[in-house]
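S.K.: Chain by chain, the residues run as shown.
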Amino acid sequence: MQRQATGKVFLVGAGPGDPGLLTMRARERIEQADVVVYDRLVGEAILELIPQGTTRIAAGKACGKHSMRQEEINELLVSLAFRGRRVVRLKGGDPFVFGRGSEEALYLRRHGIPFEVVPGVTAALACTAYAGIPLTHRGLSRAVHLVTGHFRDDQPLRIDWQRLADPEATLVIYMGLGNLETLARGLIDAGLPAETPAAAIERGTTLDQQVVRAPLEQLPARVQAALLRPPVLVVIGRTVAFSERLDWFVPEAPPEAWQDEIGAHTAR
Amino acid sequence: MKYLPLFLLTSERPALVAGAGRVARRKAEFVLRAGQRVRMVAPGPFPAALHWARARGMLEYRQGNVEEADLEGVGLVFAATDDREVNARLARWARQRGLHVNVADRPEEGTFIVPSVLDRDPVLVAVSTGGTSPVLARRLRARLESLIPSAYGRLARLLDAYRERARARIPDEAARRRFWEALIDGPVSELVFAGQEARARLEIETALERAQGARPEGEVYLVGAGPGDPDLLTFRALRLMQQADVVVYDRLVSKPILEMTRQDAELYYVGKQKDDHAVPQEGINQMLVDLARQGKRVLRLKGGDPFVFGRGGEEIETLAEHGIPFQVVPGITAASGCAAYAGIPLTHRDYAQSCIFVTGHLKDGSLDLNWEALVQPRQTVVFYMGLTGIGVISERLIAHGMSPDMPAALVEQGTTPNQRVLIGTVATLPEIVHRAEVRAPTLTIVGEVVRLHEKLEWYQAEEHRPGTVFSSH
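From first to last, the protein sequence lines are chains Z and V.
With the first letter of the first sequence counted as 1, position 227 gets the number 227 in this note's numbering; the numbers rise by one all the way through.
All you need for this note's numbering is the position in the second sequence, starting with 1, plus 1000.
Take these hints with a grain of salt, some might be off.
[Claimed, not checked] Below, a list of computed lysine to any residue pairs in the SDA-like style, where the Cα atoms sit at most 25 angstroms apart:
id : chain 1 : residue 1 : chain 2 : residue 2
1  : Z       : Lys8      : V       : Lys1255
2  : Z       : Lys8      : V       : Lys1363
3  : Z       : Lys8      : V       : Ala1461
4  : Z       : Lys8      : V       : Arg1451
5  : V       : Lys1455   : Z       : Gln70
6  : Z       : Lys8      : V       : Ala1142
7  : V       : Lys1455   : Z       : Pro114
8  : V       : Lys1363   : Z       : Arg238
9  : V       : Lys1455   : Z       : Arg238
10 : V       : Lys1455   : Z       : Arg83
[Said to hold, decoys possible] Here are a few chain Z residues that face chain V, going by a calculated C-beta distance under 8 angstroms:
id : residue
11 : Arg25
12 : Arg109
13 : Gly112
14 : Ile113
15 : Ala241
16 : Phe242
17 : Glu244
Just so you know, the hints here were simulated from the structure itself, not pulled from any lab data.
Glycine included, C-beta positions come from ideal geometry on N, C-alpha and C.
Full structure from sequences and hints, please.
M.R.: Structure (structure tokens):
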């Protein structure tokens, strides 16, 4: 019996949610895949692009259901590739920015499986663009700092507040909803002005995008009042002040409304 | 390009096809399908497979060896016999008479080649690989097949029926183009594809009634073109690129990407090269306002992401002040693109729990950065545009306590076929830049994650410019 050729794994960033922000390379890889292993953060609109007949495997947790551990995902990718499959490992945002894509890539390399990395538009860039927040701006922000507000296995936050409390940088916190109160307090105690403009963006770039803007000190309360739910990106820094003026993204009318309009025309 | 892509009007004069074998029959069918007559000459008996064409008077057949006289009155020539000599002779006669000739299996001996065609009459998509690989051309055609359903032909015919009325109703050309775009992107296409042509007509009628003759409002699209590889463009970026009337771009936008903008769009280069401020920032801001005021759809195309060291904020601020509508399309920023293609993750549970982007662009010979923050452990620091300041970067980081052995990488022309990755340490960076003659655009990545490059490298640049490892000792 002939040995099956080893497949390949494509670590693909799906971007933040708007399917228009998928790269051409990502779409091509999805269309050519035998199997797509996807995360919870990959939006429905993007999953719809997976051709019929392509196997789909959900790796992320869907409310309450058991989710695969990282080790299980690594194993799965290796075993699929050993069976000769072209596997797309589809991740929200960018695989190399808080995506644990590097762990998967290292595991594949250890097993001699060829892989490719397709970068995606990471949430920090996408959600801010759609909320009208420049990440850098002359005289206001000279650096962008990306951090995660959530640690593995619910370990307590170990953050060096001093380093993050830089008034001349824009701080972007991924998964910052759960620890927002602690984050805001820590930054203010470390010297970041309490009135620093801040925003929390839920489901950025999608039709359900919601932006809550407030001075840093008030942000946790305002976010709670607005009942934001994950995924939420938190942005803190002087450039956030632009958001109100530069807000341009109006989620387009959902398809149902559009259907109604067609119906109305024909009824006449 | 070696070939000029054209669609020829079918003519009264028949096409001469020499030969009657499989290849010759395919050429004849190709011509017949377009509705042009064929004169076929071959020594053997008439191929029965073409009987249908002869019965309709579309094909005349002469049994015998092809002669110069067979070229009398023809418009196009296909030399498709299985005899190379005969084909070459026929090609010579044809060229002497100024006739275009195709030579089977020997494209270089003829004057034209035949594309692989996706036929959605009146929509035609012709694919050519310039004669290099007919199999690849057929594969591409098959992919287009699934992309362009057969209903596109019906859609084109339907739109054609309204052309005159649209011209009368909307005299302004730019306005008319937008009218059609809105219809094609909107419900009309969907209705035609769903077989509901009557509803599609109604939709067009309504749109025509509502149409304003006046030139519409201008708009600015601030679009990130990504790090260089054109395949890293987003679909939204691509759509706006093909829609814009004017393109305002700077140096970091690569040529292959620029070529993907609408063919008849006006292009404005606004520089931004170091020491070449072709147009100062205020000038660019004003230019965008002016162009949009003229009713144009302006594509402001920037390398990477417009909001990360792209000064996109300043541009849209000016637009907002003038009440000009705009949208922002984020792109893959250089840090993401280079990290992926160089196999250097920006974060990793053991090495880096955060990541900082800063610009290494010198101002009056120094860098205004928060060095304290940059030398902290367990983070990745990415310097954009850091080449000229590389000496300052190296020296300042070490002076603020970073270990001179901290791994560092230079990614030159990341994600492109010319990508070069140079690995060293924060102390050796200036020396590497000097010795390896590193040129802009180059991204500098500093942090423990750089160690992973060795294990995670996967992208093979086309040009053989292997990266080099410079160790500190």
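S.K.: Now tell me, hint by hint, if it's right for this structure.
M.R.: So, going through the hints one by one against the coordinates:
no., hint, verdict
1, Lys8(Z) x Lys1255(V), "violated (31 angstroms)"
2, Lys8(Z) x Lys1363(V), "violated (46 angstroms)"
3, Lys8(Z) x Ala1461(V), "holds (19 angstroms)"
4, Lys8(Z) x Arg1451(V), "holds (24 angstroms)"
5, Lys1455(V) x Gln70(Z), "holds (19 angstroms)"
6, Lys8(Z) x Ala1142(V), "holds (24 angstroms)"
7, Lys1455(V) x Pro114(Z), "holds (12 angstroms)"
8, Lys1363(V) x Arg238(Z), "holds (22 angstroms)"
9, Lys1455(V) x Arg238(Z), "violated (39 angstroms)"
10, Lys1455(V) x Arg83(Z), "holds (23 angstroms)"
11, Arg25, "holds (4 angstroms)"
12, Arg109, "holds (5 angstroms)"
13, Gly112, "violated (12 angstroms)"
14, Ile113, "violated (11 angstroms)"
15, Ala241, "violated (11 angstroms)"
16, Phe242, "holds (6 angstroms)"
17, Glu244, "violated (10 angstroms)"
Checked against the numbered hints listed earlier, the structure breaks hints 1, 2, 9, 13, 14, 15 and 17; every other hint is satisfied.
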